[in-house]
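Please model the complete structure; the sequences and the hints are all you need to start from.
Given next are the chains, with one letter for each unit.
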Amino acid sequence: MHIDPKREVVQSKGGRIGMALLLVVFLLAIFAPLLSAYEPLTQTTQIFAAPSWNHPLGTNHVGQDIWSQLVYAARTSLLVGLLVAVLSTTLSALFGTSAALIGGAYDRIVMRLVDAFIIIPIIILLILLSLYFNPDLSGGSLIGIKVSIIIAVAGISLYAVRNLGWVGIFIVSPLIALVLLSYDIIPSTGGLIIILSLLCWQGGARVVRAQALSLKENTYISATRGFGASIWYIMRRHIIPDLGPILVADFVFCVRRAVFLQAGLAFIGIGDPNIVSWGSMISDAREWIFLDVWRWWLLPAGIALSVTIVAITLIGYALEPALDPRLRGEISAQN
Amino acid sequence: MLTRQNLITYLVALFIILTLNFFLPRMMPGNPIIAIYGDVAVVQMSPELEAELTERFSLDQSLGNQFISYWTALFQGDLGYSYAYNAPVTEVIFGRLPWTLLLAGLALIVSTTLGILLGIESGWRRGRRLDRSLLSGMVAISGFPDFLLGLLLLLLFAVNLQLLPLFGAENAYSGLSGFQRLMDIAKHLLLPLVTLVLARVGGDYLLTRNAMIGELKEPYILLARAKGLKQGTIRYRHAGRNSLLPIMTRTSILLGLMVTGVLFVEVVFSYPGIGFTTYEALTYRDYPLLQGLLLVSTFCVLTANFIADLLYSRIDPRVNYAH
Chain A
79 MHIDPKREVV QSKGGRIGMA LLLVVFLLAI FAPLLSAYEP LTQTTQIFAA PSWNHPLGTN
139 HVGQDIWSQL VYAARTSLLV GLLVAVLSTT LSALFGTSAA LIGGAYDRIV MRLVDAFIII
199 PIIILLILLS LYFNPDLSGG SLIGIKVSII IAVAGISLYA VRNLGWVGIF IVSPLIALVL
259 LSYDIIPSTG GLIIILSLLC WQGGARVVRA QALSLKENTY ISATRGFGAS IWYIMRRHII
319 PDLGPILVAD FVFCVRRAVF LQAGLAFIGI GDPNIVSWGS MISDAREWIF LDVWRWWLLP
379 AGIALSVTIV AITLIGYALE PALDPRLRGE ISAQN
Chain B
270 MLTRQNLITY LVALFIILTL NFFLPRMMPG NPIIAIYGDV AVVQMSPELE AELTERFSLD
330 QSLGNQFISY WTALFQGDLG YSYAYNAPVT EVIFGRLPWT LLLAGLALIV STTLGILLGI
390 ESGWRRGRRL DRSLLSGMVA ISGFPDFLLG LLLLLLFAVN LQLLPLFGAE NAYSGLSGFQ
450 RLMDIAKHLL LPLVTLVLAR VGGDYLLTRN AMIGELKEPY ILLARAKGLK QGTIRYRHAG
510 RNSLLPIMTR TSILLGLMVT GVLFVEVVFS YPGIGFTTYE ALTYRDYPLL QGLLLVSTFC
570 VLTANFIADL LYSRIDPRVN YAH
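From first to last, the protein sequence lines are chains A and B.
If you read the first sequence in the working numbering, its first letter stands for residue 79, the second for the next number, and so on.
If you read the second sequence in the working numbering, its first letter stands for residue 270, the second for the next number, and so on.
Do not take every clue at face value.
What the hints assert, rightly or not - Sample of chain B residues lacking proximity to chain A, with all beta carbon distances greater than 12 angstroms (derived):
id: 1; residue: F336
id: 2; residue: A356
id: 3; residue: G364
id: 4; residue: G374
id: 5; residue: I378
id: 6; residue: T382
id: 7; residue: G437
id: 8; residue: G447
id: 9; residue: L498
Claimed, not checked - Per the computed footprint, the stretches of chain A lying under chain B, defined by three or more beta-carbons under 8 angstroms from a beta-carbon of chain B, are:
id: 10; segment: 189-198
id: 11; segment: 344-352
As the list claims (entries may be wrong) - Far from chain A, some chain B residues (derived; all Cβ distances over 12 angstroms):
id: 12; residue: A320
id: 13; residue: L332
id: 14; residue: T341
id: 15; residue: Q345
id: 16; residue: Y350
id: 17; residue: L451
id: 18; residue: I454
id: 19; residue: L459
id: 20; residue: P488
id: 21; residue: I490
id: 22; residue: A493
id: 23; residue: L579
id: 24; residue: R583
Note that these hints are calculated values from the structure, not bench results.
Keep in mind it's a predicted model, so treat the numbers as computed, not measured.
We put the beta carbon where it would ideally sit given N, CA and C, even for glycine.
See below:
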């Protein structure tokens with residue numbers, strides 16, 4: 079398992095392109111207020127304005143500046159993607175390793191639940207849940223969600239920096255910056271983030287469990303057990319750090335899935351209408367597909383979304399050897 | 270191959286769905302009839318109907334009794350009544366399932382076949398020009414969400430060039446029959462089908478290509494070459510055939526997601542299948558229909574998994590030894 083995720087990404091050409099593209103999206107998200115002249119939801123008097131110096135991508139059907147929306151939407155996508163990935167990778171790691179280490183009835187129960195959730199079509203489940211639980215969060219549940227997100231982010235940050243070093247800092251610092259900057263959209267996306275995380279960790283837990291089962295056979299684990307270490311200690315100090323590459327790869331695939339799902343759900347009109355996202359922009363632009371406006375409305379939003387997903391995909395493929403070491407020779411041959 | 274483990278998994282999945290379907294509407298504050306039937310129903314609601322529904326769901330009784338009558342109705346195949354469509358839920362769903370099966374089934378067959386062929390050729394020519402351009406092209410395409418691909422194709426071929434129809438599965442009331450009707454259906458099918466194939470072929474291609482590269486390193490390939498077998502034979506009969514296993518796993522997963530995987534594309538093209546129905550049920554807040562859809566699509570996944578397990582043990586004899 080001595081694979082260095084950082085090296086895999088930096089050494090493959092696809093990985094480098096992916097990182098560069100993602101960095102651009104990231105900068106857009108972080109510096110959104112500096113890059114745009116309008117607030118994304120401010121309505122101007124002009125509707126369907128063509129691109130001009132004032133509105134680089136024109137305005138939409140209610141006179142909102144499309145460029146501002148495009149830039150701010152990067153925040154929504156990245157925030158949802160990263161937070162869902164943080165929460166669900168944490169759940170995968172905890173349930174996967176504990177199932178492998180504890181075994182017995184606990185293992186069987188967890189794995190049957192995991193399999194069951196893999197079978198259930200989550201898009202329809204998401205639609206149903208979002209209808210019954212309106213995205214209108216307030217009071218106790220909102221504080222609960224904020225607290226759990228802050229605890230998760232802080233915990234993961236500490237753990238990642240301690241165990242992954244360079245890569246840890248790389249994952250964590252933009253995440254913290256984003257969460258701080260996008261603090262105001264957490265109330266309206268928090269529910270979605272929690273539901274997506276609860277529905278996304280199962281696949282990762284399976285991979286983690288398989289790997290943890292083989293790690294568990296190492297003699298140093300029996301030695302640690304002989305010294306009286308608890309299961310929680312072994313998980314924390316021995317198994318999870320060794321799972322690093324798998325967790326990083328799982329993290330990347332979770333980001334991709336969450337960005338995809340968030341866009342898709344926004345496209346069919348689920349989620350807070352006051353949150354600007356690429357999915358909702360595409361959905362709005364679709365109503366006016368017979369006018370020429372799609373060129374500076376639908377197309378840029380679509381390209382932004384696709385570029386983000388392609389970037390994450392490229393990084394994911396570069397990391398694939400972490401999941402399947404048989405591919406190692408191939409990736410280095412591609413340099 | 271219905272193992273005990275799979276059976277338990279299936280039962281757990283069904284239990285989760287049914288419990289959610291039962292408890293979600295009943296947990297909501299306010300009139301449970303509105304929570305169960307949605308806002309559309311309320312418009313048509315007369316006192317007699319309300320009394321009838323209360324009676325039918327035993328809403329005036331304890332939660333335990335409600336649970337029993339819920340299960341009784343389920344076992345009688347009664348998924349409730351859709352007020353948006355004015356028809357029983359089962360009727361709505363099974364009327365639209367064929368369109369989804371047609372679209373999703375064809376997409377699965379075409380994208381898998383295409384992915385396998387391209388993957389084999391690409392892996393065989395690894396590092397050469399064709400391989401490199403295919404690889405980068407596929408990675409780029411697989412980054413496009415399917416609804417975006419669909420919208421772009423719709424814009425190009427239906428809105429601008431006006432070559433293909435904008436929506437639907439066939440021209441209603443056109444009175445076409447026989448071959449002409451078939452052509453009409455094919456015309457409506459083409460764009461959604463191409464969208465789905467484009468969105469999915471990348472995954473199949475990459476998987477086959479990786480497997481192919483792995484197989485080509487095996488000693489039996491060297492032996493085949495030493496025997497002087499034709500290139501095509503080695504490529505397809507030896508390496509290609511053995512590269513099919515990972516793709517079988519993926520296809521079995523996709524087979525399960527067949528019904529829900531086409532949701533966004535059906536929405537874009539207003540293709541009247543299960544996915545588009547889900548979208549309409551969402552717009553009308555038609556809760557019984559949505560719950561029925563969730564249940565039916567879970568059943569589809571279970572059936573698909575079951576078929577895939579059967580096929581898998583046929584193709585890879587090693588699977589049988591494991592049991």
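Status of the hints after comparison with the structure:
1. Distance check on F336/B: its Cβ is at least 18 angstroms (rounded) from any Cβ of chain A, clearing the 12 angstroms threshold; non-interface status holds.
2. Distance check for A356/B against chain A: the nearest CB is about 20 angstroms away, which clears 12 angstroms, and the non-interface claim stands.
3. Every CB of chain A lies more than 12 angstroms from the CB of G364/B, the least distance being 18 angstroms, so the non-interface label holds.
4. No Cβ of chain A comes within 12 angstroms of the Cβ of G374/B; the nearest lies about 17 angstroms off, and the non-interface call holds.
5. With 12 angstroms as the threshold on Cβ separation, the claim that I378/B sits away from chain A holds: the shortest Cβ distance comes to roughly 21 angstroms.
6. Non-interface status of T382/B relative to chain A is upheld: no Cβ of that chain comes within 12 angstroms, the nearest being about 23 angstroms off.
7. Look at G437/B: its CB is around 16 angstroms from the nearest CB on chain A, clear of 12 angstroms, so calling it non-interface holds up.
8. At roughly 33 angstroms, the least C-beta separation between G447/B and chain A is larger than 12 angstroms, which holds for a residue marked as non-interface.
9. For L498/B, the requirement that its beta carbon stay farther than 12 angstroms from each beta carbon of chain A is met, with the minimum near 25 angstroms.
10. Requiring three or more residues with a Cβ within less than 8 angstroms of a Cβ of chain B, the coverage given for the segment 189-198 of chain A holds, as 7 such residues are present.
11. Chain B is given as covering the segment 344-352 of chain A, and this holds because 4 residues of the stretch bring a CB closer than 8 angstroms to a CB of that chain, at least three being needed.
12. A320/B, annotated as away from the interface, keeps every beta carbon of chain A farther than 12 angstroms; the closest lies near 25 angstroms.
13. Listed as a non-interface residue, L332/B keeps its Cβ farther than 12 angstroms from every Cβ of chain A; the least gap is roughly 17 angstroms.
14. For T341/B, the shortest C-beta to C-beta distance to chain A comes to about 22 angstroms, beyond the 12 angstroms cut-off, and the non-interface label holds.
15. Residue placement check: Q345/B keeps its beta carbon more than 12 angstroms from all beta carbons of chain A (closest about 23 angstroms).
16. With 12 angstroms as the threshold on Cβ separation, the claim that Y350/B sits away from chain A holds: the shortest Cβ distance comes to roughly 18 angstroms.
17. Listed as outside the interface, L451/B is consistent with that label: its C-beta sits roughly 28 angstroms from the nearest C-beta of chain A, beyond the 12 angstroms cut-off.
18. Taking the minimum C-beta to C-beta distance to chain A, about 24 angstroms, the non-interface status of I454/B holds against the 12 angstroms cut.
19. Every C-beta of chain A lies more than 12 angstroms from that of L459/B, the closest at about 19 angstroms, which supports listing it as non-interface.
20. Every Cβ of chain A is farther than 12 angstroms from the Cβ of P488/B; the closest lies at roughly 15 angstroms, confirming the non-interface assignment.
21. With 12 angstroms as the threshold on Cβ separation, the claim that I490/B sits away from chain A holds: the shortest Cβ distance comes to roughly 15 angstroms.
22. Distance check for A493/B against chain A: the nearest CB is about 21 angstroms away, which clears 12 angstroms, and the non-interface claim stands.
23. For L579/B, the non-interface assignment is confirmed: its Cβ lies about 17 angstroms from the closest Cβ of chain A, beyond the 12 angstroms cut-off.
24. No beta-carbon of chain A is positioned within 12 angstroms of the beta-carbon of R583/B; the least distance is around 22 angstroms.
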